[in-house]
Each structure stands twice: as structure tokens, then as C-alpha cells.
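**Q** Sequence order for the protein chains is A and B. If you read the first sequence in the working numbering, its first letter stands for residue 1, the second for the next number, and so on. If you read the second sequence in the working numbering, its first letter stands for residue 1, the second for the next number, and so on.
You can trust all of the hints, since none of them are fake.
For lysine to aspartate or glutamate, the following EDC-like pairs were computed, each having C-alpha atoms within a straight-line distance of at most 20 Å: (1) A:LYS119 / A:GLU156; (2) A:LYS98 / B:ASP188; (3) A:LYS130 / B:ASP188.
Honestly, the hints are just simulated from the structure, not real lab data. Keep in mind it's a predicted model, so treat the numbers as computed, not measured.
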Amino acid sequence: MSVVSARQSEGDTLLGIEDVERVFGGGRKLFGGDKPAVHAVQGLTLNVRRGETLGVVGESGCGKSTLARLVVGLDLPTSGTITFDGEDLAGLAKRNRKALARKVQYVFQDPVASLNPRKTIRTILEAPLKHLSGLDARGREKRLQELLEAVNLAPEFLERYPHEFSGGQAQRIGIARALAAGPELIVLDEPVSALDVSVQAQVLNLLDALKEQFGLTYIFISHDLSVVESVSDRVAVMYFGRMAELGPAKEIFRHPLHPYTDLLMRSAPAPGRHDLLSEDAAAELPDPYNPPPGCAFAARCARKTELCHSVRPAPDEARGEGANHFAACHHPLPRA
Amino acid sequence: MTDTAQSAAAKSKRSSARPGTLALLLNNTLATGGLVVLAAICLIALAAPLLPLANPDVTAPVDRLLPVFSDGHLLGTDHLGRDLLSRLIWGTRVSLAVGLSATFIAAFFGSLLGLIAGYAGGRVDTLIMRGIDMVMAFPYILLALAIVAVLGPGLLNALYAIALVNIPFFARNIRGITLGLSRREFVDAARLSGKSPAQILFIEVLPNVLPVIVITMSTTVGWMILETAGLSFLGLGAQPPQADLGSMLGEGRKILFTAPHVSVIPGLMIFALVMSINLFGDGVRDVLDPRLRAGSLTRPVSRTAVERGDTPVPPPSEKGGVLDVRDMRTEFEIGGSVYKAVGGVDLNLAEGECLGIVGESGSGKSVTAMSIMGLVPTPPGRIAGGAAYLDGEDLFAVSDRRIRKLRGGAVAYVFQDPLSTLHPLFTVGEQIKEAIGTHQPLSSAEVKKRAIELLSLVRIPNAKERLSAYPHELSGGMRQRVCIAMALANDAKVLIADEPTTALDVTVQSQILTLMNGLRRERNAAILFITHDFGVVSALCDRVAVMYAGRIVETGRTGEVLARPQHPYTAKLIECVPVLGEPERRLDAIEGRPPVVNNLPDGCAFADRCQRVKPECRSGDIALVMSSEERGVRCLYPLNTEGTA
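Work the whole structure out from these sequences, hints included.
**A** Okay, here's the thing in C-alpha cells:
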């Protein structure tokens with residue numbers, strides 16, 4: 001176990017991600033030569049403790065959705081291991097998908113697209129009850145009512161079709177479906193980014209209440225820092241498939257170590273804020289087919305040195321105040 | 001988020017007011033005609049045993065080659081003296097039965113293969129599709145001939161042959177659709193619900209593929225009947241004495257010049273049958289195809305219809321300004337109900353000013369933006385009242401030619417998704433040059449120089465090289481910069497930006513906002529900025545107008561509205577926004593949903609969700625009361641009124 005995971009594992013680890021990689025493409029061409037490969041997730045080590053909400057932040061293409069799919073077993077890591085409660089998740093996903101689905105569930109970004117347009121809400125919500133929980137018809141009916149009540153939806157919605165619902169209602173249905181099997185961990189992949197702000201608040205409050213009620217653990221993925229800050233106990237900032245910074249939510253947002261976290265925070269618009277930081281247009285993500293040898297953020301970083309371009313910083317290169325706050329940076333920001 | 005009032009309207013039209021599938025089909029005259037002819041043919045063919053017809057196979061050499069309208073033989077007789085009418089009806093029966101069964105067999109096996117190949121992917125897909133490719137690589141008639149040659153001639157064998165050669169057609173179509181569907185989120189969701197692959201394929205995917213199968217079938221039946229006739233014509237299908245349209249044609253061919261009616265009559269029947277099936281099939285396709293159903297068949301005209309009726313056109317306001325919108329009303333008429341997406345909006349934009357329109361999905365903010373230059377699709381949209389003055393010129397009254405000149409000239413748009421607004425097959429250079437060339441008579445060298453200038457203006461590095469880049473080669477932020485460059489190409493006075501940063505990452509968003517802010521100062525262009533995000537408004541806009549249910553409920557200087565909102569809706573909306581650095585802040589949600597704009601309540605549209613609601617709020621029209629030149633609120637009991645009046 002690496003230092004990073006050892007340091008994180010205080011408390012009761014529910015999900016352990018150890019040095020996970022996911023490579024897309026690759027392999028050999030018909031006439032020699034390698035096909036280009038993209039490292040969507042690279043050397044990621046991360047633990048999720050029972051009962052916490054881990055926020056994952058990053059911009060598009062940083063690998064956060066790939067991470068989500070790996071955790072729920074929709075995709076398998078190229079190398080490295082993911083363990084759930086000490087059990088190998090990839091093995092479980094291959095051997096017994098249903099057993100995994102009983103433990104880990106997923107809430108999709110686009111609530112309407114995640115519901116089959118030709119099925120009633122009853123059919124959609126009954127599927128996990130039928131296939132995962134093995135309840136009889138009467139037990140299912142009772143559970144359906146409980147689920148709808150838990151997400152504040154009227155029972156008459158059961159007979160309707162997905163297109164009759166607003167985004168917020170559809171997302172409640174998505175959440176109810178994830179809850180149906182009684183999972184311990186729910187991966188929320190941008191659950192509120194397709195919703196209006198007023199509805200977003202409703203859904204966030206609902207998620208909070210459900211976590212309390214059912215003793216859930218959340219992995220909350222979002223590109224919106226303020227949303228992540230308001231729901232998370234710990235936050236992982238990802239950049240270019242790698243971990244940039246990891247630590248308690250309060251510490252990360254009060255004293256960011258990684259210049260990238262700082263950039264994200266200063267770019268986020270907020271009511272009453274005029275001083276948005278803006279980089280020049282040359283700032284772009286590195287080429288994924290040809291990743292830089294050193295720190296992936298170096299090209300955009302104001303604090304870069306030769307070292308940054310040549311040596312990739314370890315995930316715990318820089319340490320924060322608390323023992324569990326670290327960043328992959330050679331030249332972390334000083335405490336303001 | 002493009003959830004505009006338009007899509008809200010589209011949503012509701014699907015649920016309630018939209019006419020049923022059959023009603024839509026009957027609206028199509030050609031399809032209805034096809035259906036009537038087809039139904040008549042089918043009924044007669046089905047009733048053949050009941051009709052008082054002569055035995056089609058009984059020969060009577062004495063009566064051979066009787067002409068049409070002969071006594072006892074309405075359509076005459078063939079070379080063996082058999083009654084042509086009887087043979088025609090019995091033959092149609094056979095042709096229809098063979099065509100339909102071949103279609104069903106091909107549809108069943110083809111769809112099954114397509115579903116499996118598309119869903120399984122990888123090696124299974126390769127194996128099945130290469131097999132299909134091999135079938136397709138033979139000329140179909142040759143393949144059918146080969147099959148019949150092996151199995152021996154006969155109607156049933158011809159049926160097998162036709163079904164087999166048509167399997168690839170179904171398999172390829174269905175595989176493509178399945179491939180797209182099986183990457184969709186609801187399939188992942190079903191997987192996580194514990195469904196097995198077979199259950200997912202047949203319970204989740206199949207119902208979504210079914211319309212495509214029906215469409216493919218409806219367009220193939222006619223073809224199958226033709227192919228059956230073709231094989232029979234060659235003598236490989238129906239064997240004598242059995243009548244079949246193809247074999248009748250074949251027998252008549254030899255005496256085409258002496259007794260043309262023997263071959264012309266079955267020929268006409270084939271024509272009527274196939275034509276009616278095709279017309280009907282096209283109608284079915286139009287009704288079932290989601291893309292056509294979404295409105296591309298309605299063929300919206302290039303400019304929104306203006307039907308201001310008898311209502312007087314409001315004069316420009318005394319404030320002047322470069323863009324002056326007065327009491328603009330935009331409506332959508334869908335299935336008998338009228339959706340008032342924009343219900344009387346006043347906007348005023350001075351040079352170099354940035355006005356933000358903030359609202360949730362369905363508030364009418366995008367329709368407002370589109371209405372100004374007549375970009376709302378008609379049908380179903382129309383401008384029902386008001387006026388928009390651009391430098392004193394009423395945009396709803398000018399000619400189509402003039403509006404085309406102004407679009408992209410004096411008034412330019414920047415949309416949300418740059419990937420869908422840029423043409424994928426042209427380089428960004430060609431697209432910018434086109435934007436310049438349409439409005440300015442410049443030589444191509446000058447146009448190119450101007451394009452490079454524009455790209456540098458929007459801070460694209462290596463502008464010259466980037467001219468030859470295709471949209472997909474640029475990042476999202478770069479693409480949006482290109483769109484802004486195109487909008488600026490002809491020195492636009494007004495830039496209408498509809499959620500231009502919503503699809504972008506925060507760091508890119510802040511770059512674009514900074515860019516737009518700089519550009520309006522440099523070029524003194526006015527910006528109408530549509531967004532749902534108060535944070536973005538803060539960063540860019542001088543003034544802000546908050547929309548709810550198609551009307552402006554509050555307006556004022558950005559800082560003031562944010563610090564001291566007067567409308568309870570604005571206040572609630574600002575409270576909903578999570579703020580970085582304030583994680584403890586309890587997010588306050590607005591309960592309930594906004595009213596649907598085809599059924600607006602009397603009085604305040606927000607009354608049902610408002611905690612301060614009083615009985616007076618629910619009656620009469622509540623006016624937008626301006627407490628100062630710029631500050632106004634549409635509320636009887638506003639908040640924070642002290643010190644602002």
C-alpha cells in the first residue's frame with residue numbers, strides 16, 4: 001500500500017482505489033505500429049470512507065466520468081485494483097454483476113436520457129427490485145411506495161412515461177432507482193448540472209436527507225466547485241486523468257495547495273463577483289496522445305520550473321496542514 | 001442548457017395537444033390516398049373466394065384472347081382462354097401474400113441479426129456484419145436465381161430467396177440504430193438494475209428500435225412484391241397454372257403486340273399496388289420517424305411570421321438606444337392551444353452596454369432572443385404583438401431582404417453549442433470568410449486578411465494557421481471564440497449571446513467572459529446576454545432583467561438587483577445558488593414548478609410558489625413598476641424597497 005492510501009485509510013475504508021489506470025485504444029495495427037492510446041485515468045489512488053461524501057472535481061476530459069464508470073463496474077480498469085469492502089470489484093463485476101449492483105449504484109448526469117422513453121416509471125423502478133432484491137409482487141409494491149415517498153414524488157407518477165417529467169422530477173426517479181436495491185455506495189455523476197438552480201437546490205437537499213436516512217456513502221462528481229464544496233466531506237481534484245489534490249473539503253477550498261485548484265476557484269463565477277481570473281487563450285489541455293513527461297499542468301502554471309517539465313510529481317509531493325491533505329505539485333502555493 | 005420555452009412547449013405538445021399517430025397519417029393526402037387504394041386491393045384480394053369469379057385455372061381454348069369488356073369476361077381472357085379478372089384477383093392475392101411474408105421473414109431475421117450485432121459489438125459484430133456484407137456483395141437477382149436454382153423453382157422457394165436477399169437491408173439499418181441506443185444511458189441504467197444482456201436487448205432496446213423496423217418494412221414491401229413478380233416473370237416463381245402477377249406478365253409478354261391487354265392489366269395492377277404501398281409507407285415513415293416528427297416536415301419559413309393584428313404597434317421608447325424592444329409577444333400554437341412563450345417584454349440596450357436576461361428553463365429568455373431577428377420557427381411560432389427597433393427601424397416591419405442583411409450584419413448571434421453551430425465539413429477559415437463575404441464586397445485577399453484579424457481579435461493563437469483547422473480540431477473554448485469572431489465579422493452593433501458559456505468548463509468560461517467584456521469595450525457593441533447563471537451575469541452585465549413565465553419580473557443594475565432583490569422570485573433564485581467559500585449556507589429551494597405558458601394564472605405568475613402571496617396577487621394584470629429610470633419590479637409587495645425608490 002502506498003503512502004497515499006495508507007494516509008487516507010484512517011477511518012473505515014469502504015472503497016479502495018489503488019493505482020488504477022484505464023487506457024482506451026492501444027494495441028497493434030494490422031501492419032505493425034502501435035495504435036494511439038489515451039490514458040483516461042492514470043495512477044489513481046483514492047479511498048472512500050464509509051459514510052462520507054467524496055467530491056470529485058475536474059474539467060471535461062479529466063477522467064472523472066471514467067472513474068465513475070470504473071467504480072460501478074460498467075468499465076474495468078486496465079491495471080490496478082479497486083476493492084469494495086476488501087473484495088476485488090473488477091472480479092465481482094465479471095463474476096456476479098448483480099451482487100455488485102446491490103452494493104454500488106449510479107445516478108446519471110442527464111436524468112431524462114437515463115430513463116427508457118418507452119417504459120413507465122413503474123417498470124423502470126421495478127426492474128432493480130425484481131432483478132436485485134428478489135421481492136415478491138406485494139413486497140415490490142410496498143417498496144415502490146416507500147421509494148417514491150423517499151424522493152417526494154406522488155404515487156400517481158408511477159403510470160407515466162419519462163417525457164412527461166421535468167428534469168428535476170426525472171432526476172428524483174433516477175435517484176429512487178439507485179436506492180431501490182439498497183446500495184451502500186452511490187456514485188453521483190454530475191447529478192445536478194442538467195438542472196435549473198432552483199431545482200438543483202431541491203435535489204441537493206434531497207440527497208442530503210437520503211444519505212442520513214439510509215446511511216449512504218456518496219461519490220459526488222461535478223465540475224461545479226461551489227456545489228461540491230457544499231456537499232462534500234473530502235474533495236479530490238483531478239486533472240488530465242491524474243489526481244491533482246486531495247483533502248478535506250474545508251481545507252482544500254480555504255488553502256489550496258495545487259495551482260490548478262486555485263485557478264478553478266478563481267475562475268468560478270459567483271453572484272456579486274467581478275474579478276474573474278482569466279488565463280490567456282494558449283492555455284489548453286495537454287495532448288492526450290502525447291502526454292508530457294512531467295506535471296500535466298505545467299504548461300498552464302505560473303509557478304512552473306524546469307523540474308515540473310521533466311519530473312512528474314508524486315500524488316503526495318506536497319502536504320497541507322492536516323495529515324490528509326496533499327497535492328501532486330513540486331511548488332505548492334504557500335498558505336495565504 | 002437549451003431548455004428554452006421552445007423545448008418546454010415541445011414537451012407539452014408531445015404529452016397532450018399533439019394529434020395521434022393515425023390523425024397525423026390521415027393529414028397526409030398522398031398517404032391517405034395510398035392507404036385507400038391499398039385497402040381496396042387487399043379487400044378484393046381477400047374476398048376472392050367469396051366473389052362470383054370464374055375458376056382462374058380453367059382453360060377454354062375457344063374463348064382465347066377475348067378483348068376487354070367481352071361478355072362474361074370483364075377484362076377479357078388470356079391465350080388459354082382463362083378469365084383475366086379472376087386471374088388478376090387471385091394473382092394479386094398470391095403476390096401480396098408472398099411479398100408480405102417475405103417482408104416479415106426478412107424483417108424478423110434481419111432485425112434479430114442487427115440487434116445482436118449492434119448490441120454485442122466486437123467480434124460478434126464483425127462476424128455477423130461480414131457475413132451480411134458477403135450476401136450483399138452478390139447482385140441480388142443473381143443470388144435469388146442461385147437460391148431458386150438450388151431449391152428448385154416454385155413460389156415458396158422464390159419467397160425464401162427474396163426474404164434472404166433482403167435480410168442485409170434490415171440487418172444494417174437495425175444494427176446502426178442499436179449501436180447508438182446501446183451506448184445510451186438508459187441501457188447502462190438497466191445493466192445496473194441487474195438485467196441480463198438478453199433482457200436489456202429485448203425489453204429495453206427492442207421497443208426503441210421497433211418504429212425503425214416498421215418504417216423499413218413499410219418501405220420494403222413494395223420492393224418485395226416487385227421482386228416476387230420479377231422471379232415469377234422469369235418463370236422461377238409461381239408455376240403454371242397458378243396465377244401470380246409476375247407470371248401473368250411473363251405469359252402476356254409473348255403476345256404483347258397481338259393482345260396487349262393480357263400483359264398490360266397485370267402490369268397496371270403491379271403499378272397500383274406498389275405505388276399505393278410506397279405512398280402509404282412514406283406516410284408511415286413520416287409519422288414514425290422521430291427526426292421527421294420533430295418538425296422538419298413542417299418546413300418552417302426563414303423568418304418568424306408577424307401577426308400583430310389590430311393591436312397598435314408601440315412607438316420606440318424615449319430612451320432610444322441601439323436596440324429597443326417594446327411589448328414583444330411571441331406565441332406558439334400547437335395542437336389548438338396557444339403557448340405564450342413571451343408575454344410582453346420591454347428591453348432597451350444602449351451602445352456598449354451589456355444587458356443580462358436571467359431565467360430558468362421555460363422562462364422565455366431564449367425565445368425573446370430569437371424573436372428579435374425573427375429566428376423563431378414558423379410554424380408553430382409567431383410574433384403576436386409589439387415591436388423591436390434597431391436604431392429606430394422596426395425589425396418586425398422590414399422586408400425579408402433587409403432582415404437577411406441585418407442578420408449577421410448589424411445584429412449577430414452567438415449560440416450555446418459551438419460544435420453544432422459550426423459546419424463540421426468546412427474549415428473555420430472558410431466559415432469566417434463566408435460570414436464576411438456575405439455582407440461586404442471585398443476581394444478574397446482582403447477577406448482573408450480580415451479573417452486573420454478577427455481570429456487574432458478573439459485571442460486565438462496562430463490565427464493564420466488556425467484558418468485551415470476544422471471545427472473538430474479545436475477545443476470547445478476555441479470553437480466558441482471562432483463563433484464570436486464570426487459574430488463580430490461585420491461590426492455588429494448588437495451581439496445576442498444565448499448561453500454562450502454554459503457548455504464550457506469554468507476556466508474556459510472565464511476566458512470567454514473576459515474576452516466578451518473586452519470586445520464590447522473596444523468595439524462599443526451592445527450585448528444581450530442570455531443565461532441562467534447569476535454568477536456569469538455578475539461577471540459581465542451592467543444591467544439585468546429577470547424573466548419568469550415569459551415576462552420580465554425585475555430589472556435594474558446588476559449589483560443592485562443582486563444585493564437587494566425586490567421580487568420574491570429573484571430573491572429566491574439568488575438564494576438557490578451555492579457560493580464558493582460558504583459551504584454551510586443552507587441551500588434554499590423554490591418549491592413547486594413554474595406555470596405552463598398555455599395556461600397562465602390570473603395575476604402574478606409566481607403567486608403559487610410565493611411565500612408572501614396575498615389575495616390581491618391572484619387577480620388583474622400586475623404591471624412592471626419602474627421606481628427609477630432603470631429599476632423596476634413586477635410585484636405588489638416587493639422586498640427591499642427602502643432606499644431605492
